[in-house]
Each structure stands twice: as C-alpha cells, then as structure tokens.
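Colleague: Below, each chain spelled out in residue letters.
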Amino acid sequence: MSFVSVRNVQHLYGDRIVLERVNLEVERESFCTIVGLSGCGKSTFLRLLLSQERPTSGEILIDGKPIAPEPGPDRGVVYQRYSVFPHLTVTENLIFGSEVDRARFTGRLFGAARRRARDAVGDMLEAVGLEHAADTYPHQLSGGMQQRLAIAQALLREPKILLLDEPFGALDPGTRARMHELMLDLWKRTRMTIFMVTHDLKEGFRLGTRLLVFDKVRWDDQAPERYGATITYDLPIGGNEPVPEDIEARIGPSDGTPTAREITDADT
Amino acid sequence: MTRLVNKRPGRGHILFLGLLPFVLVTVVYLIASDARLSENPNDKLLPALSSFGDAIERMALRPDPRSGAYLWWSDTWASLVRLFIGLAIATGLGLIVGIALGLIPYLRAAFQPFVAVLSLIPPLAILPILFIVFGLGEVSKIVLIVFGIAPFMMRDIAIAVAAIPRELVIKAQTLGANSWQIATRLALPLSLPRLIAALRLSLGPAWLFLIASEAIAATDGLGYRIFLVRRYLAMDVILPYVAWITLLAFVMDVLLARAAVRAFRWTGEDGG
Ligand SMILES: Nc1ncnc2c1ncn2[C@@H]1O[C@H](COP(=O)(O)OP(=O)(O)OP(=O)(O)O)[C@@H](O)[C@H]1O
Ligand SMILES: [Mg+2]
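Protein chains in written order, with numbering that gives the first Met the number 0: chain A, 0 to 267; chain B, 0 to 271.
Some hints could be false.
Covered stretches of chain B (chain A as the covering partner; in silico rule of three or more C-beta atoms under 8 Å from a C-beta of chain A) [said to hold, decoys possible]:
# : region
1 : 158-169
2 : 174-185
Quick list of simulated restraints, FRET-style, between CB atoms [said to hold, decoys possible]:
# : chain 1 : residue 1 : chain 2 : residue 2 : range
3 : B       : 177       : A       : 247       : 40 to 48 Å
4 : B       : 115       : A       : 125       : 46 to 54 Å
5 : B       : 8         : A       : 188       : 56 to 64 Å
6 : A       : 226       : B       : 165       : 51 to 59 Å
7 : B       : 84        : A       : 53        : 28 to 36 Å
8 : B       : 9         : A       : 138       : 26 to 34 Å
9 : B       : 260       : A       : 119       : 29 to 37 Å
Bear in mind the hints are in silico, worked out from the structure with no lab data behind them. Every value quoted in this text rests on a predicted model; they were computed, and no experiment measured them. Ideal Cβ placement from N, Cα and C applies to all residues, glycine included.
Just chain A, with the same shape it has in the complex (with noise of 0.2 Å):
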C-alpha cells in the first residue's frame, strides 16, 4: 500500500480540460519533483495534493484513505510569492502554528506561554540560518530569506507531506544552491514526503528521489482545451545520471534558445 495514491484523477477549470488520467503512486519518504511546460497544470497537481481544490473526477488517498477535504497540517506547503505572512516578524511567523494550535479563541499566546513557543522554535530559526534576523519583517529580508523562513515555518507542524511550487524559482543561482543543500538536509532529519514543482530540470535532477513529467499526450490545434496533461514520464533517480535526452529537448533550455517558460517568466 503506498502512501500517496492518486486514481485516475481529472481536472477541469471551466470547459477546459487541465489534467487528465494522472495516475500516481508514491511510498513514503520520496521526494518527487515535478517539471513540465508552463501552464500545464503542475501547480493544479499540487493544489489537488493540498485539497486547496478538488479533482473533478478520479480520486486521491493518503495511507489508503480519501484525502481530506480542506488544506490541513498533514499537508504543509511552500509557495514561491505570498510565502510567508507580511505581517508578521519572523519569529511570529515561526510560533503562528503553535499559537494557533494552543490557543484556539484568540490564536495568540502570551507571557510565559509565548515565551516558551519562542525558545521552541530556536533550533529551527537556527537550522535555516535566521537566528540574527528574529525580529525582521519579511520585507526586510532577503528573497532567500523569505523561502527558508517559509520552509522552517511549513516544517515546524510536521507535516507528512510538503508540497512546494517553485520555491526556489525567483533566486540567483549561488543562493538556489545553498537552498538545496539546506532542503536535502532537512528532508533527510525529517523524512516528510515531498512534491515539488520546479523548471528547472537540473534542479528535479539533483533534489529528487523521482521525477514526475507533466505533458500533453494528445493535441488538437484547433482546440487545445480539449486534452490535458498527463504524467509521460515517471524516473527514479538514484544520483548523478544525465538529463535524457528527450525529456530535455521537451523541458529544459539547451541550446540557448528561451523556452516559453523563461519567456513567460521574463515577462513577470
């Protein structure tokens, strides 16, 4: 029995097919990422993982049952804008899943309380390399920054799985390195299962477990509404072995020409 299962799952928006007989079985402790064209429906795939939408047909279980309903701790998730709340220092952004938890009316702790969901947080402040940002506003940090604190802040609830769209997308490669080092690290101490989008097909390669391919089987020129994306690749990745060949000519810029995802993104 695996641990995630998703059956023949379709999804549409409207009239317009998106996804369409994504079948998926997943063990526990992979990491998967996940790389395809833009637009083709790899951030819908993590929304139906996160029940921020449901499938319009087929169906999706964790440990044999149907996936819950609503977003919950179970499932945590890093997003690459909106990743961590503006409002909030980072430290407050830490402790906000124990003061919610602890304290269901006012969602606040304070005096003691709060003091100790403060010390609580400090080795994870510590492990992604904040402790001397504590008190900053997200807006003041780095973009870096930002996304480890998203991270820490996903894995202080424990979830079982972390589902994460393109969180290292917007940053320069030295940090986006750094980054990687930093999610293997964690993934190894906590051994969640994770899902990651990502369009960087080198990026799938180094962080993965699997790869998951996200791909049209079928077009219709005169209305490219009417299929969706499948998964048309499914690779273990056991460590260093090159990027196929033809998975790179349908994903990853080669030969120096943009793809239309860099171009989308230039746009941005």
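Fit chain B with the ligands to the given chain A structure using the hints.
Modeller: Just chain B with the ligands now, kept in the frame of chain A:
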C-alpha cells in the same frame, strides 16, 4: 533640457511652494476686503482681520452672556463627540462586516448586493427619516454619519480582504488556523492599513453629514453655530469657524497618517 517630470524641488522649496497658495489666498482676501471696507465701512461680506480677532475673542475667550458657556469650545466639544462616536461605530461596522463579507463566501453571497445598494442611497435624503425615527437629538446625527460612511468602509474592507493572496489563506490553514483565526490573525491585521486609508477618506463626508444635521436640528455644535449666525450675515464668526473645522479635520488626517506609518511598519512603506 531636463524634462518637467524629472525636476524635483529641494526641501526648502517644498516648504515655500506648499505655503505659497495659502499666502496668495490670504493676500487676495486682504486686498478685496480692504477695497470693500474703504467703500462701505459697514460691509459684512469680507470683514477685516481685526473683526475676526474680535469675533474669536467673543466666542472663545468670553462666556456667552445668556448661557454662560464658552460657545467656541462647547460647540467644538459637541461636534467632536458626535463625529467621534459616528466614526467609531462606522469603523467598527466597516471592519466586522467588511472582514465577514471578504472572507466568508456565504455571507458575501447574501449581503454583498445589499451593502452595495445601501451605499448608493444618498444619506442626506434619509435624514428626514432619521429625524422622524430617532427624534431631533444626538442619535439621529450619529446615525447619519454612520449611515453615510459605514457602507463605503464595509465595501472597501471587503475588497481589501478578498484581495489577500489566496496563498496566505491556504498557508494559514496548513498551519492549523480555523476560520475565526484566519479572520483575526490574517484578515484583520492585513486589512488595517486599508481601514486607516478608508477612515481618512471618510473624514470629509463625516464632517459634511455632521454639519448638515447640525444645521437642520441642533442646539449646539459647529454646524449649528455657522447656520445660526448666517441670519446676521456674521462672516466674522463664520469664516473663523470654517477655518477651525478645517484645522480640526487636517489634524485628524495627519494623526491618522502618522498612526498608520507607526502601526504598519511591516508594509515597508513610509505612509502618504
Ligand atoms: N483558478 C483557475 N481558473 C481557471 N483556470 C486556471 C485556474 N488556475 C489555473 N488555470 C489554468 O490551468 C492551467 C494550468 O495552470 P497551472 O497553474 O497548474 O500551470 P503550471 O503548470 O503550474 O504553470 P507554471 O509553470 O506557469 O506555473 C493554465 O492554463 C491556467 O491558465
Ligand atoms: Mg505553477
């Protein structure tokens, strides 16, 4: 040549340029007043500065011979009490209803159109109704202010709350927050800057509704006094009162702007 849009005044220039229109208006007034008074010393339309001084002294520094009150201050107090109570109730309603509408789809479906229609009713048109229902006392004046600005605030806050990135609302849920905690720990603080902005924009209308209701039925208050002395063409009282009201409104606006900058350091903006 530098483009006009790129030329920026220095600090001293900003102060000078800012004061310039005030000085110009004052000078124009003095010249016009002087011209009229030299023709007819009893002219009431544009009194000289000295008459303003007399009027202010009479109203603010000496007790009224009939009531024994210092009218300037008792009027100010009466008006500010009405204004503050009205603003406080409207702000509270705006916040509670706005967050509820912005956050809870069922409430939005049920009440958004209603609030939208409510905000289109011209408040002054229902003033007679308020007088009939609540009498001529304080309540009808406060209700007019509330009625005049609360629907706008509700809509504004609802829009601000609905514009909170979906990611943050989902994130709060993955950290274990329930609906109430999302409202109090996310929607409330994130919409507060917008609330202050809405409150600042509402100050003008609030004063308008206050003065209108005081003009029609009151026994004290700044609006009441202006409309009372209008019968005697007492421009020497009216103009200082208008200046005083303007000053009060200005100070409130500045204080709100300052408070916003201090309270919302997290936005990373320096106010406006
Ligand atoms: N809420 C929505 N309503 C309607 N259509 C949507 C919605 N969200 C996404 N879509 C559409 O569904 C398709 C898949 O979107 P999705 O965000 O999952 O793509 P993606 O693979 O994550 O792309 P990217 O790499 O650019 O992030 C897109 O064509 C998008 O326009
Ligand atoms: Mg996406």
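Colleague: Can the region 174-185 of chain B be counted as covered by chain A under the rule of three residues or more with Cβ-Cβ separation shorter than 8 Å?
Modeller: holds (count 9)
Colleague: 29 to 37 Å was suggested as the range; check whether the CB atoms of residue 260(B) and residue 119(A) agree with it.
Modeller: Between residue 260(B) and residue 119(A), where Cβ atoms are some 33 Å apart, the hint holds.
Colleague: State whether the coverage of the region 158-169 of chain B by chain A holds or is violated, taking the criterion as 3 or more residues with Cβ-Cβ distances under 8 Å.
Modeller: holds (count 5)
Colleague: May I ask you to test the hint 28 to 36 Å on the CB atoms belonging to residue 84(B) and residue 53(A)?
Modeller: violated, 47 Å
Colleague: Could you see if the CB distance from residue 177(B) to residue 247(A) stays within 40 to 48 Å?
Modeller: For residue 247(A) against residue 177(B), whose Cβ atoms are near 46 Å apart, the range 40 to 48 Å holds.
Colleague: Does 56 to 64 Å hold as the CB distance between residue 8(B) and residue 188(A), or does it fail?
Modeller: The hinted range 56 to 64 Å holds for residue 8(B) and residue 188(A), with Cβ atoms some 58 Å apart.
Colleague: CB of residue 226(A) to CB of residue 165(B), is that within 51 to 59 Å?
Modeller: violated, 27 Å
Colleague: Can you let me know if the beta-carbon spacing of residue 9(B) and residue 138(A) is within 26 to 34 Å?
Modeller: Once the Cβ atoms are compared, 29 Å apart, the range 26 to 34 Å for residue 138(A) and residue 9(B) holds.
Colleague: Is 46 to 54 Å right for how far apart the beta carbons of residue 115(B) and residue 125(A) are?
Modeller: Holds, at about 51 Å.
When each numbered hint is compared with the structure, violations occur for hints 6, 7.
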